[in-house]
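Sequences and hints are given; from them, build the entire structure.
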Amino acid sequence: MLGVSVDSLHSHANWGRDIGGVSFPLLADFHPKGQMASQYGYYLADKGITDRATVIVDKQGIVRYSASVGPDGERDIGELVAASEGVQREQASSAAVAAVGLPSQTTLYVRSRCGHSQRALLALENLHLRDGVTVSNVSEDAEAEARLQQLGGKAQAPCLVVDGSPVYEAVEITRALAERVRPLP
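Going by the working numbering, the residue at position 164 of the sequence shown is 164; the numbering climbs one at a time, nothing skipped.
All the pointers check out, no bait thrown in.
The calculated label-pair distances, taken between Cβ atoms and stated as ranges, are:
#1 18 to 154: 26 to 34 Å
#2 70 to 104: 45 to 53 Å
#3 25 to 82: 17 to 25 Å
To be clear, the hints were calculated from the coordinates, so they are not data collected in a lab. The beta-carbon is built from N, C-alpha and C at its ideal position, and this holds for glycine as well.
See the structure below:
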């Protein structure tokens with residue numbers, strides 16, 4: 001499952017946090033705006049938004065279901081569940097994910113009131129990797145800041161440390177975490 005909207009990556013992260021996490025990836029069809037939605041016929045260029053639609057594509061890339069409820073409409077959850085279950089039965093697939101190559105000593109160093117740290121934390125939550133990563137707040141723990149300084153030669157946060165190697169910048173941290181998630185067979 002993949003959620004798509006013309007909203008930015010930051011909007012997706014905040015939305016995911018506000019609803020308590022998202023168990024599927026979100027694609028920002030942000031630039032060029034609506035390019036993916038246009039390919040399915042659901043981008044409303046005159047309004048700069050997408051139609052509220054659901055498209056189910058099977059493993060072979062074949063559209064198996066497509067329905068729109070208009071920009072302000074509500075989806076029929078029962079109909080979507082039935083359509084999804086039908087495709088899933090035919091495909092015999094699983095939407096579960098597993099962390100790959102994420103050592104138990106992986107640590108994410110963050111700072112309080114730091115937008116970049118919040119973004120890294122949101123990625124951790126949205127990818128369902130929170131239980132596999134130690135989070136250390138260097139604003140609240142001087143020892144954590146000293147460890148970070150020792151590991152990377154600087155006290156810059158956010159910083160993800162995997163196998164003793166630091167990864168700086170929220171976008172790079174998000175990428176490093178996302179690379180360690182894959183669907184279960």
